[in-house]
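Asker: What follows is each chain in one-letter form.
Protein chains: 4
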Amino acid sequence: MTLAVGVIGLGVMGAEHLRLLREETAGATVTAICDADGERAGRLAQGAAVFADPLALIASDRVQAVVIASPDATHAGLALACLAQGKPALCEKPLAATTAESLRIVEAEVALGRRLLQIGYMRRFDPAYVEMKHAADAGMIGDPVLLHNVHRNAAAPDWFTGPMAVTNSFVHEIDISRWLLGADPVTATVHTAPGGDPLLITMETDKGQLVSTEVFMNARYGYHVHAQLVGRAGTVQMAQPAVTLTNGSLHHGHTYPENWVPRFRDAYRIQMNDWVRSVASGKAAGASAWDGYVATVVAEQVVSALQGAARVNLSLGARPDLYA
Amino acid sequence: MTLAVGVIGLGVMGAEHLRLLREETAGATVTAICDADGERAGRLAQGAAVFADPLALIASDRVQAVVIASPDATHAGLALACLAQGKPALCEKPLAATTAESLRIVEAEVALGRRLLQIGYMRRFDPAYVEMKHAADAGMIGDPVLLHNVHRNAAAPDWFTGPMAVTNSFVHEIDISRWLLGADPVTATVHTAPGGDPLLITMETDKGQLVSTEVFMNARYGYHVHAQLVGRAGTVQMAQPAVTLTNGSLHHGHTYPENWVPRFRDAYRIQMNDWVRSVASGKAAGASAWDGYVATVVAEQVVSALQGAARVNLSLGARPDLYA
Amino acid sequence: MTLAVGVIGLGVMGAEHLRLLREETAGATVTAICDADGERAGRLAQGAAVFADPLALIASDRVQAVVIASPDATHAGLALACLAQGKPALCEKPLAATTAESLRIVEAEVALGRRLLQIGYMRRFDPAYVEMKHAADAGMIGDPVLLHNVHRNAAAPDWFTGPMAVTNSFVHEIDISRWLLGADPVTATVHTAPGGDPLLITMETDKGQLVSTEVFMNARYGYHVHAQLVGRAGTVQMAQPAVTLTNGSLHHGHTYPENWVPRFRDAYRIQMNDWVRSVASGKAAGASAWDGYVATVVAEQVVSALQGAARVNLSLGARPDLYA
Amino acid sequence: MTLAVGVIGLGVMGAEHLRLLREETAGATVTAICDADGERAGRLAQGAAVFADPLALIASDRVQAVVIASPDATHAGLALACLAQGKPALCEKPLAATTAESLRIVEAEVALGRRLLQIGYMRRFDPAYVEMKHAADAGMIGDPVLLHNVHRNAAAPDWFTGPMAVTNSFVHEIDISRWLLGADPVTATVHTAPGGDPLLITMETDKGQLVSTEVFMNARYGYHVHAQLVGRAGTVQMAQPAVTLTNGSLHHGHTYPENWVPRFRDAYRIQMNDWVRSVASGKAAGASAWDGYVATVVAEQVVSALQGAARVNLSLGARPDLYA
Ligand SMILES: [Mg+2]
Ligand SMILES: [Mg+2]
Ligand SMILES: [Mg+2]
Ligand SMILES: [Mg+2]
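Residue numbers (this note's numbering), protein chains in the order written: chain A, 4 to 327; chain B, 4 to 327; chain C, 4 to 327; chain D, 4 to 327.
Check the hints yourself; a few may be wrong.
Identical chains blur together in the list; that is why a pair holds if it fits in one copy or across any two.
[Unchecked claim] Heads up, simulated DMTMM-like pairs for lysine to aspartate or glutamate below, C-alpha to C-alpha not over 20 Å straight-line:
no., residue 1, residue 2
1, Lys286, Glu26
2, Lys210, Asp64
3, Lys210, Asp200
4, Lys286, Asp324
Honestly, the hints are just simulated from the structure, not real lab data.
The task is simple: from the sequences and hints, build the whole structure.
Answerer: Take a look at the structure:
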């Protein structure tokens, strides 16, 4: 009656997923956990079985479904193992480090004939994005023609290298733009500010819509994501991300968080509840392996456009029927 | 490991509590339900035992904790039954219809020697109120001196009679003002617009703070609750209740809901999760039976002030040590 | 063709009026100025005649109309002198220090049989208040039933004594509330926070409407005036007083000024342009001597209510036909 | 002592300039007017001399300075006539219809050796843009690296042809972006939505900054201009263009105007006051003939980029010392 979930990886995101499963998710029990740091796993066990080997966790009878939150480089292998075991998994983005690896997973799932993988593009569950999509789908703004995205981090992590602004951050906009517009990008143009930050990336979709995204890794003032969808009859956009406003010291306003966790706390919670329900019902939801593949393949091609001034044609390959 | 919950009353609020327990609450299972309309109960059972008699549900071995969401007039009797059975209960407000009844429940709980009852003053779990209280408690606005409350309903229900603006609506402000300020009201003054709606109610607290509340039962434009807490160094207030903004037809803005359910959906969810955790841990949280009593006794005295122009002194009685 | 204006008093407000006349007002020429500090007057002359005696300025052939911005205690005498000379005057509020003096001016103007005096209640020209009144008069919010006013100063001036929160600050709300609602106040109730600041003043009008005003002399965080007018079908309120918003240091928002001058700069400018046009056309506009008298007489009675908890009945006397 | 101004062209903008000079501008007198429709001119004369021939007005002894608000095609010839007469002029944008004509005017003014022409790029006087520039110049947002512009018209006028979105609308962003950033654009890339509307134009400046502009001629919902300037330490943007907010019919928000006149009413007024003062003082201000030329030459080259997908290099020519 309650879903037995195993959690792999107990870093920042893994620990948050663990907390969400235990404190804010209906219908799930964490029966197994696994982390490279066995001591950390032990501290967080609370009665769950502790595995040293993630593949053993995936294979275990105690586990009906898996959350993959281990380092990015391990995602592909673990996702394939879940498919091999026939177990549903919620896999943190990115699905895989390369297009080739992503494609292999898509092919494995297609061969299996049913969707078991959901990729953790949590913005699809963010109440603001959901309301924006609802407004567009309900015809409230007319046909969508242009999407403005702003994605600002206070500071890039130390381990960030150049293309990661695209492969790590901009992938969120690739996914959410496809989801909001119901369309795939077909070209990309990149403009770069001095020092390579911020980037201004313009995409055209197969419906002719325009998607403009500012990716600013070192915006200093805080973590801030914004989007405005422009239609032929009106627009819909995120409100400022705040539930209270203060007056103090000649100033009116609200604060920003330093990173994405508080901003998308609701999205992560709703995603987890929805995933558990979707596993229980057998109806796949959220971002699919194909969506994860597309985010990766588009990002890879945008990286190639970083060098030149030209408009780059994007090629995605044919979407398998499984993801129709 | 999971809390066995029985739900009494499956009207608007009861059905929402049932949904929250099943879809958005960790660590709880609905094992029993009860409603005056047995057919409705049957439709919502999903495997839970259906009771015709709420007292039988409360007494059942299948039930560890109870949610009371039946008509207001039944709250007192069912709360007393839960105390008699030694079972924790989340009881929708009001605790009881009269001061005398409320006091009887408080006395029963005091005799028992431990807090089993939580009253459903869900605003204490609303993210905006929580942030306001945090700001005040953290000293961000200096000492709070004045609280502005606005409580607007689109239209009073048909069954509303005069004093219900106070006993049904204003009770929320009595409770949330006490909680925000950490103080009890000691006087009340009522001003009335033509036709008796809106009311403007001014209270003074035992710390000398002022609490101003507009209660407008027929504000027409929508359901809207607002609050601003004024301190000696600044203020904190609710932001507009919206996550998206639209442009359309020469207009910019957002919509209001028609009633309180969408506005306080998060508050109800968080309250339920928190209640289940608090029952599991044995540490009472939320509004206590004493808080429920105070809301009722203050409301009763404010009703008496409706007739005259005078400032009325409020008398609450002594707070038992159990609620210190 | 251009109006010859004399300006009396060159302090903060007088100097601003002088600047407005010279730099932002059509159809006026400053031909004479006067200040207790003759040196200051000399520095600001720019070709205007400098008078040591304000009565001589008023009587001078060079002066067709007068701006009175000298210390409050002098207003009454100078206003009477303008009436005696038959010259229009824009007199800074308050019209006079006492009800008796105010009444004497009203009687003098009534005896003269035409309106020559305009009192500088500049909020009547503030674009936000004007839009609020327009919305109400156009029926956009239904019948107005309640007005919420907030009047916050960063810090009371040194020379402020207790009742000046009423006689110096709250007079603005007395005037603007009468103007917005087209009604006179008939009762007042005062609630006082510890230390006498802030005040919460509730008035009822002769139409049964309620007016709630917070007057906070030491709000610390900045100068901030807010108002919301509540009608039976909707509300209209001031937007936050800012034309730009900034993001910086984990913060989003805008700044407040330290005093009223920047907040009401547009109002002062529009008032001055309107006054010059109204003098040229002979059609009196803005707040009349009667309005100035009412602000003073109501303030005086509210001060008397400061001591007790009771609702005080306000008495204004009969409005002369001249001001119908 | 007061500037004698002649106004040429009494259409929408010309009539507004006339009104501003008469009702809201200090130090100016309208002594002469001229319009192709002599009857309209007669109706608006109010004592000013009515000229049938604009060149006669420019040459007249009654006229010290000229406002040119006649049809666009006449601007260049009239501007040259003002230079020939040595009379200062405020010329509505565009300065001229082509780059060649614009350059001829610049050369004539350079030959004269002093700046007599101001082009009516009124946004430089809009309080929001002024505050944005002040914030940037004061270092409040760090070095500016990116400017987001949004320029939406409710509906394109009937007489609009394709490139006019650039030559008539986008010219405003060319000018204001140069002014805000203190930099000239060096490349432009254009993306086009289906049907050619909206356009998304990306420019790079000679400082490496990026300028992104949405130009939407048929945004339907209203006239709306927005800008956000992004710096290395923060951002500054326009607040929503409203002084009041309303609640009504389940909706909160404010209205947009149908065209630019109400949005930029303050800008036009301030521009006019500033122009009159600058003529009186002999110190040129506002957008110069060179600025007018640059807007035209950049627009012409952006039009050429409309056809292709390529990034276009912009060439402006050398700035004469007169405009250093
Ligand atoms: Mg993620
Ligand atoms: Mg409730
Ligand atoms: Mg004043
Ligand atoms: Mg213009």
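Asker: It remains to establish, for every hint, whether it holds in the given structure.
Answerer: Against the structure, the hints:
1. Taking CA atoms no more than 20 Å apart as the test, Lys286 paired with Glu26 passes between copies only; the shortest distance there is 16 Å, against 24 Å inside one copy.
2. Proximity of Lys210 and Asp64 under a CA criterion of 20 Å is satisfied in neither setting, with 46 Å inside one chain copy and 61 Å between copies.
3. With identical chains, the CA atoms of Lys210 and Asp200 are at most 20 Å apart between copies only, with a shortest distance of 14 Å across copies and 29 Å within one.
4. With identical chains, the CA atoms of Lys286 and Asp324 are at most 20 Å apart within one copy only, with a shortest distance of 16 Å there and 53 Å across copies.
Hint violations for this structure: number 2 only, all remaining hints satisfied.
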